[in-house]
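Peer 1: Chain by chain, the residues run as shown.
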Amino acid sequence: DAGVIQSPRHEVTEMGQEVTLRCKPISGHDYLFWYRQTMMRGLELLIYFNNNVPIDDSGMPEDRFSAKMPNASFSTLKIQPSEPRDSAVYFCASSLGPQPQHFGDGTRLSIL
Amino acid sequence: DAKTTQPPSMDCAEGRAANLPCNHSTISGNEYVYWYRQIHSQGPQYIIHGLKNNETNEMASLIITEDRKSSTLILPHATLRDTAVYYCIVRSQNDYKLSFGAGTTVTVRA
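So the protein sequences, as listed, match chains P and D.
Sequence positions in the first sequence follow my numbering and run 1 to 112.
Sequence positions in the second sequence follow my numbering and run 1001 to 1110.
For reference, chain P alone in the conformation it holds in the complex (with noise of 0.2 Å):
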């Protein structure tokens, strides 16, 4: 069974720049969500969709970061302007309800 896949795997560009990072959810699930990993941080939440519809988005750093789910199969998380430190691994998972969420093997993005 395909799992949660996330692209790209790595993701370097320079700061100013637009990153856009995609995620296809596990076909079925109800739920999809975004996460960031860093040192400092470690894993935290940014937003979960449920049914393509936001429903927190209070993890979301700053105005510079969205994310969208346009369709069950296909969600983005976007960063415009990109900046130095939004450097991390972003994490994409899925549900069916409150079922435990799968997770995908992230795209690590590193912002120069």
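In case anyone wonders, no lab produced these hints; they're calculated from the structure.
Take every hint as true, because none was put in to throw you off.
DSSO-like mimics (lysine-lysine), calculated; alpha carbons at most 30 Å apart, straight line:
{"id": "1", "chain 1": "D", "residue 1": "Lys1069", "chain 2": "D", "residue 2": "Lys1097"}
{"id": "2", "chain 1": "D", "residue 1": "Lys1097", "chain 2": "P", "residue 2": "Lys68"}
{"id": "3", "chain 1": "D", "residue 1": "Lys1097", "chain 2": "D", "residue 2": "Lys1052"}
{"id": "4", "chain 1": "P", "residue 1": "Lys24", "chain 2": "P", "residue 2": "Lys78"}
{"id": "5", "chain 1": "P", "residue 1": "Lys24", "chain 2": "P", "residue 2": "Lys68"}
{"id": "6", "chain 1": "D", "residue 1": "Lys1003", "chain 2": "D", "residue 2": "Lys1052"}
{"id": "7", "chain 1": "D", "residue 1": "Lys1097", "chain 2": "P", "residue 2": "Lys24"}
{"id": "8", "chain 1": "P", "residue 1": "Lys78", "chain 2": "D", "residue 2": "Lys1097"}
{"id": "9", "chain 1": "D", "residue 1": "Lys1097", "chain 2": "D", "residue 2": "Lys1003"}
Derived Cβ-Cβ restraints for the label pairs, each shown as a range:
{"id": "10", "chain 1": "D", "residue 1": "Asp1095", "chain 2": "P", "residue 2": "Asp63", "range": "23 to 33 Å"}
{"id": "11", "chain 1": "D", "residue 1": "Ala1102", "chain 2": "P", "residue 2": "Ser110", "range": "19 to 29 Å"}
{"id": "12", "chain 1": "D", "residue 1": "Thr1005", "chain 2": "P", "residue 2": "Gln80", "range": "32 to 42 Å"}
{"id": "13", "chain 1": "D", "residue 1": "Glu1058", "chain 2": "P", "residue 2": "Ile55", "range": "30 to 40 Å"}
{"id": "14", "chain 1": "P", "residue 1": "Gly16", "chain 2": "D", "residue 2": "Asn1019", "range": "48 to 58 Å"}
{"id": "15", "chain 1": "D", "residue 1": "Ile1039", "chain 2": "P", "residue 2": "Met40", "range": "20 to 30 Å"}
{"id": "16", "chain 1": "D", "residue 1": "Met1059", "chain 2": "P", "residue 2": "Arg85", "range": "32 to 42 Å"}
{"id": "17", "chain 1": "D", "residue 1": "Lys1097", "chain 2": "P", "residue 2": "Ser27", "range": "17 to 27 Å"}
{"id": "18", "chain 1": "P", "residue 1": "Lys78", "chain 2": "D", "residue 2": "Asp1095", "range": "21 to 31 Å"}
{"id": "19", "chain 1": "D", "residue 1": "Gln1042", "chain 2": "P", "residue 2": "Ile55", "range": "25 to 35 Å"}
{"id": "20", "chain 1": "D", "residue 1": "Asp1067", "chain 2": "P", "residue 2": "Pro8", "range": "41 to 51 Å"}
None of the values given here were measured: they were computed from a predicted structure.
C-beta: ideal position from N, C-alpha, C; glycine also.
Based on these hints, arrange chain D on the given structure of chain P.
Peer 2: Then chain D, alone, in the frame of chain P:
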């Protein structure tokens, strides 16, 4: 606010059982105990969860004390591939947020 307390690290011999403790003294009656692990360069992987009864699956066993203030994750026969950071998390079924703490770094040695 941390809801769980775990030792920062522990070592385990390959082939032996690994017992990972977790304290959650402020757990509410409707909160479950979840365990995830994160192997280097991978996303967190769900292991097991329980409410008050002990649980077992193909990966591990979860023992929850009667007062539910602590629990132990048991890896029955640790292998080198079990080396990872293990996270103990409490959440209610209607709270979709997973709050990851620092976890326990488990190193399985040959």
